[in-house]
Each structure stands twice: as structure tokens, then as C-alpha cells.
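Input sequences plus hints: build the corresponding full structure.
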Amino acid sequence: MNNLYSWLLAAFCLFSFTQLHAQEASPAFKSEATAATRQLAALISLDDARQLPVRRFTQIRLTQEAEARQLYANDADMLGKKLADIGQEYTRQLEQVLTATQYQRFLAAAPGMLPASVAAVAAPQPAAQPAASVAPPQPAVPAIVSKSQPSRPTARPTAPRSTPAKAAARR
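In the UniProt record's numbering, the protein residues as written are 1 to 171.
These are computed hints drawn from the structure, not numbers from a lab.
Capping the alpha-carbon separation at 20 Å, the derived lysine to aspartate or glutamate pairs in EDC-like fashion look like this: (1) Lys30 <-> Glu65; (2) Lys82 <-> Glu65; (3) Lys81 <-> Glu67; (4) Lys81 <-> Glu65; (5) Lys30 <-> Asp48; (6) Lys82 <-> Glu67; (7) Lys30 <-> Glu67.
Distance ranges between label pairs, derived from CB positions: (8) Asp48 <-> Arg92: 20 to 26 Å; (9) Ala49 <-> Leu71: 31 to 37 Å; (10) Ala73 <-> Lys30: 19 to 25 Å; (11) Ala28 <-> Asn3: 37 to 43 Å; (12) Asn3 <-> Glu95: 51 to 57 Å; (13) Thr99 <-> Asp75: 37 to 43 Å; (14) Asn74 <-> Asp47: 41 to 47 Å.
Here a beta-carbon is modelled for each residue, glycine too, at the ideal position from N, C-alpha and C.
And the structure:
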């Protein structure tokens, strides 16, 4: 029984420490997201109604990037891919929130004009396929019906023939 209480106490302490650590990181991300959103708002004429979702998406992006940096600290290639995925998802989310004009301004912003936390990340373009030689379409040739072969007559369904016995039974 004492062993159970010891484990519960250890789990509670670990959980409390994790929560405390998460709360410490959150205000830093929140202030950075707020500052980045203000810069973005000035650049793309962001209205007040869209600032809250953009700030929330930016804060989520910052949190995800920090987690990825911690998780893939030893694998630079995987870290680069993960950060690119996070950036692309952020760009897709902003496309849903921003107006078309605001989104175009966001995409057109030079990379040095915005902080990395709100910079657009374009999706990778598919590899160019080699141009295959395409023959011009040929006109359709009408089917020529030969007169030497007679067409088959189509059989019409006929009513079943009745026998004289059946006809007598009906009367």
C-alpha cells in the first residue's frame, strides 16, 4: 500500500512539474505571437476580427516548432521537414481566415519583412513532368456500312400462341 502511495505522489509531482513548465513557456510564446501578429497586421491590413485567430494560429505554430526542435534535436533533416510541414499548415490555416486580398499580401511579403514565426511557407511544387509528344487528335471516321452484308432483322416479341384446348377452356 505504501508503494502505491509513493507512486501516486511521484506521478503527481511529475505532472505538476510538467504543467508548471508548460505554463512558463506559454507566456513567452503568447507575447512573441502577439508581436508577430502586430507586424503582420500592419503589413497586410489585418482587421480586428481576424487578429485573434491569426494570433492563436501563430501561438500554436510557435509551440509546435518548439516541440519539434526538442524532439528532433539530433536529426536536422527530419527537423527541417517537420518545420516545413508546420509552416505549410499555418499558411493553409491563414488562407481560411484571411480575405483573398490579405492572403495575397501575406504570400507576396518578402521573407525578410516578416518574422519567421508568421512567414508564409509555400507547399513544395510537384516535379515537372517531361513534355510528352502529343499527336494531334484525328477526326472521327464514320463507320462504313457494307451493302453486301444484309442487316439482321430484329425479332419482335410475340404473344404466346394459344392452343385450341386453351381457347376452349377460356370460354
